[in-house]
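Next come the chains, spelled out residue by residue.
Number of protein chains: 2
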Amino acid sequence: MKDVAAAAGVAQSTVSRILNRAPGRVTITVETRERVEATVRELGYRPHPGARALRGASTMLLGAIVRDITDPFNAGVIETLTIAAKERGYGVVLGSAGARADEALATVLEARQCDAIVLLGDLRGEPRMIADLRRAEVPVVAVWYGSHHPFPTVSVDNRAGVREALTHLSSLGHRRIAFVGGGSHGDIRQRLAAYKEYLASAEIAPTRGYVRQGPNTIIDGGLALSALLALPRPPTAILAATDVVAMGLIHAAYEQAVAVPEQLSIVGFDDIPLAAATAPSLTTVKMPTAEMITWAVELAVGAAGSPFHAAGDPPRIVFQPKLIVRRSTAEASPTTHAKPPSPAPRTRSSSRAVRAAIRRPRA
Amino acid sequence: MKDVAAAAGVAQSTVSRILNRAPGRVTITVETRERVEATVRELGYRPHPGARALRGASTMLLGAIVRDITDPFNAGVIETLTIAAKERGYGVVLGSAGARADEALATVLEARQCDAIVLLGDLRGEPRMIADLRRAEVPVVAVWYGSHHPFPTVSVDNRAGVREALTHLSSLGHRRIAFVGGGSHGDIRQRLAAYKEYLASAEIAPTRGYVRQGPNTIIDGGLALSALLALPRPPTAILAATDVVAMGLIHAAYEQAVAVPEQLSIVGFDDIPLAAATAPSLTTVKMPTAEMITWAVELAVGAAGSPFHAAGDPPRIVFQPKLIVRRSTAEASPTTHAKPPSPAPRTRSSSRAVRAAIRRPRA
DNA sequence: TTGTAAGCGTTATCAT
DNA sequence: ATGATAACGCTTACAA
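In order, the protein sequence lines correspond to chains P and E.
According to my numbering, the stretch in the first sequence is residues 5 to 367, in order.
According to my numbering, the stretch in the second sequence is residues 5 to 367, in order.
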């Protein structure tokens, strides 16, 4: 900038003023402005963000802390966040919590290099991090997070989503509905609770063994499915806590020659992009991801503007999910109860189920 | 830091020295060091990165420019990158190119906020960006990128991968092999070229209509498959340019009641995590993503150390992919040629194929 | 071993 | 309308 000023024959402060299009009452000779701008272009001058930050200016960076980017859902969220942030002129610094969220914090926050932090998913397993964040001067917004913290929150009504999904299954005649969860994170816990609650309200007695928990991976699907099918009265439908879990179940069902949806209906949660492309495509509860993230960014940059937390309770915005019915759910036919794997019935029922699948019209 | 110095009763420079564990000959009284460190902890002091950057210190940030984070493959890459970078003490700033890569550049580089930039995937569609990057003082490393640029490169031997895949199909008896691509990006072009080359070397005459191109989406799978099956002599196997494309094909095959792999073998490329969880699981060419990214980070931070590009040609590292055989490929049975969809043969061949599937042992 | 002081690139305040 | 100058938080010679 010094060079620019020298080359253009003006003072540094003039250059600064021109570049910043100083707000309010400014008056700069058109001639000067043009000369300076030309020089800037010619010299390929770029402002130094460090120096700006030093002067208290914003870094135009949003920190994102996410537990596990491997999860396609989170990956999608990061993408959405990147886009939403860019629309507001912000970049995104990624702090993958991965093994230890504390480190992520160190990366993103400790270096208070960003104007605000967005917490993605349940990080309650990291109390130290939360404590750190509380006393940090950076505004924090939590998305898909529990409620036991002092940050503004954007979340989804898991209860309503589960209710919709189970109502759908119910209306298809399903009474034996299992739940396969992944991990013990906030949203999943809420979904499990809602599942139990719905069963109670629908006067369906809970069946022992119908709730399977495990890490959030695709791979667990196989084990969960085997366990469920080995039950004396196996379920005719499964509510998966997550689309990824549901995909694992579909894969496992294929491997075990259980026809979906003829023998077994499966419902997911999230509506990740791939959910429309599974075989069969997945009935799932759609998360209004884009809207949620847009709001989160709004809150974050809004908070980044005002130096300190406003008084009163932090805003807590709850979005409504929506059931998307695709091909992984169908009527519970009384004759197509899934059976524990034993050669004879498996072959018979499977081939029948498949014929049904073939009769189905094309998508 | 001033506060810390005051509270500890020492000079600012002393605090700085202690915090930076000054290299070379340092000598600081244990007593002083401990006092200062205690004060630092007590006051919860965090260094201001902006000020550091101002003094020419590194920002410990790696810029990542990616064309499309939606793609699960890229999402996985970002994750790997984040982890690899963290291991070297670096954070990752995400510059999703999205609509216009120029903007991404503006976000990430123009604000030369990071010590090095990693280009992920083919960004050759953005010549202006490349030009900008060339004259930028930030080191750039390109991964999965063509070769017409002056940056160090980490890439994969697409030719070898395609050869492996086609040899595999060949050995299963397939002669009618189609190629479904997505986009016209460097790697995909290379794969298509390798496909044609292999066909020529195997003395298989290319069949009109066997190469389908389209955007990289899952959705195109349906159209591509319909078009291929409508051919007078439809293929018995398809090489997909990408796992995502392959997943689209599997989905489409399911919808159109074409049994995979009995009637149609499908091979993907990339080995994204989900490839193991499709129904059926996907035979694919595995990308050594982790190694590639590790090397890219190595190159990037190495280059970040030395101020300017070393003389001579930039390093170009090429990795070898590896075929992973799963369940989406099988022998080309002479009687199971896929036919253009017409009720009678479809039902017959499908149910036979399915019986075969059921006989298969569990995974 | 520790303190003093200069300077990094900006912006904001004042003076002209 | 523009120029001079202080200050931001930190590193690093250099001085003590």
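Hints are computed from structural coordinates only; laboratory data are not their basis.
Treat each hint with caution, since some may be false.
[Said to hold, decoys possible] Short derived list, chain E residues pointing at chain P, Cβ under 8 Å: (1) T86; (2) L196; (3) A197; (4) L203; (5) A206; (6) I208; (7) P277.
Being a predicted model, the structure only gives us computed values, none of them experimental.
Where a beta carbon is used, it is the ideal one built from N, C-alpha and C, also for glycine.
For each hint, the structure was consulted:
| no. | hint | in the structure |
| --- | --- | --- |
| 1 | T86 | 4 Å, holds |
| 2 | L196 | 22 Å, violated |
| 3 | A197 | 27 Å, violated |
| 4 | L203 | 28 Å, violated |
| 5 | A206 | 31 Å, violated |
| 6 | I208 | 29 Å, violated |
| 7 | P277 | 7 Å, holds |
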